[in-house]
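Trainee: Here the protein sequences come in this chain order: L and H. Reminder that position 67 of the first sequence reads as 67 in my numbering, one-by-one numbering, no gaps. Reminder that position 3 of the second sequence reads as 1003 in my numbering, one-by-one numbering, no gaps.
There could be a bad hint or two in this list.
Restraint-style ranges between C-beta atoms, simulated for each label pair [stated by the list, open to error]:
| hint | chain 1 | residue 1 | chain 2 | residue 2 | range |
| --- | --- | --- | --- | --- | --- |
| 1 | L | 279 | H | 1163 | 51 to 59 Å |
| 2 | L | 37 | H | 1163 | 28 to 36 Å |
| 3 | H | 1023 | L | 189 | 51 to 59 Å |
| 4 | H | 1121 | L | 255 | 57 to 65 Å |
| 5 | L | 255 | H | 1035 | 22 to 30 Å |
Calculated from the structure, these hints are not laboratory results. All C-beta atoms, glycine included, are put in the ideal place defined by N, C-alpha and C.
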Amino acid sequence: MLLLRDRSGKDKGAVEGTATWAPIDRLGLAICWTLGLLFCAIAVAIVVYLLVQGIKFLRPEMLWTPAAAGYSEGETGGFSDALFGTMIVAVMGIALALPIGVALAVWLVEYGRPAGLARVTEMTIEAIAGIPSIVLALFGTVIFSSTALGFLSRTSEGVVFGRSFFAASAMLSLVALPLIVASTREGLNSIPRHVREASYAVGKTKAATTRRILLPTCRPQVTTGAMLGLGRIIGDTAIIVVLLGATQNFAPVEGVGFPFDYLRGAGTTLTNFVYEASPTGNLNQPQKAYAAAFVLLLMVLALNAAVDVVHRRARKVGTWSH
Amino acid sequence: MEEQFETEYGPKWSDQRVERMLGALVVGVVGLLLAMIVTVFVRAWPSFSHNGLAWFGPGGNVDDQLNAIFLSGQNGLEYVYTFHGWPLIWSTILITGGAVLIGLFCALFVAVFIVEFAPEWMTNVLQPVIRFLASVPTVIYGLIGVVVLVPFIGNHLVTEPQKASVAGVISLTGYSLLAATLILTVMITPLMVSIFSDGLRAVKPGWLEGSLALGVNRWRTTWKIGVRSARPAIVAGTVLAVARAIGEAVMLAMISGSVGFSPNPADGLIFIYEPSRPLAPTIVKNIDQLSSPPANATLFAIAAVLLFSAATFSFTGYVARRSMRKYGTA
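Can you build the whole structure from these sequences, using the hints too?
Mentor: This is the structure:
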């Protein structure tokens, strides 16, 4: 709708005022303003409420004290394990989703043969985006409780426990995957054909062109997709509740060595901690829930800001069309 | 130079090889989805086959049934599968439907506002706000619902006579359809707004100019031409929001009330204060029962219903967006 109102803001031209509108049209515009301001108010209310509660209840030592059993909120420690848990699933989930997502996008845009398979793949990614995470979690229990994958979690008396950082991260990567694919595809599609042709003309193969020219060019979009995926991963609760375990501490499985023992064991994340510590959860420590929710919200805000920065930088670099 | 030479002729990164590797990965991902669908339905089969269509019907207390199913498997008795899921399905329909209807109304106006009528400073505020609301973790919405909205409804909106009138049946504490629907609306509206406004921005300027040239004012042009041409985007956004709402588990587990009760609109307005529990939160609440085989089958049956409905909705959204491309509004 460029012509109704110039987006660049340079040349506004004569835009008709609302004075000549029928009352019903003006009422509609009033609804627009009301709803717009309402959503701003909701966002501000969420941030301010959690900010106030967070400042009131967050103690720095909570960030490095693990949760403990106790009778009052003063005795139950902090949520350091949950904080580390969030970081672990974020890193592992993205480490899995990013290469797969970029590869899928490259295949869809640059290869895409046979056409039937391309369409099926598109639909698959669409479907994965639409599958509720609780269903992914249940599917995860089937995969990771199988004896073949028993080494990825705790086994006792022949029964595979199926709950570990490996299990949770693998399923969480599916949550991030569609966002990464969509964003990378958008980036690849925005590169005009002549760039590829120039590369082929100097003798580069398709694979080399993709790796050396196309992927570096659409790095901002890949980064955006990864950060959106990251936001989903750290915000997901259902998969964590089902696949990471009903514990508030790390529960390493003895055996292989330092990092793997922890990753094979159950654990917790901030979302799980908030869920359990909320008044409806098993722990029922609302003050800690506020504090953890505040930390989680800060992470989300930081990610949002980072997405904005990447966007702005990508726009500053400019596009291919002149 | 040397590197280029290698990427050009080296057997490691030859074109055919890369294409085959990527193709294998693609087939793997498609296979994973198929495996998931098959697994969920195979696991769910005992529950469906024992109940037939009665699975979806009303009858008895669904919480008692779930408990009996769990205990029969846990105590080594003969497995019980009897499950009548209507209260859970009805709750899902009410909460999802309510949230999507309110959300559709709000999202249309907000999208029109952002694309067309908001002054520039307002657009610059609204867009990040919408993106922020879309990225807030659901558990935070749940927490705010539990500590702010639920007590407010329980203490101020529900009157004592109303509480007394249903005292024998259910207690009205604020964990209610109303709370669940409102919070869910805030969660899904941003998703709709972003898809709607993409659709509105892509409407061909010529169509709008034509209307303006005929002397139609900006407001009516936007609604009669802009919104109508962006219809595929509106369908796509709405069905994706439905799919998201159906699958929402944790937030609803926190504030829907978690009672297998079906609120009856025939009771009058009081039904919006009644607690219930949709399908997805039922899985979260009973996740500890997975070790009992009949309970496992029942939970997978619920997951199968969720999977089927979410897949149907996202497929509809996919088709709608494809048709959008055809009209050039995507």
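Trainee: If any of the earlier hints don't hold here, list their numbers in rising order.
Mentor: Hint check: 1, 3 fail, others pass.
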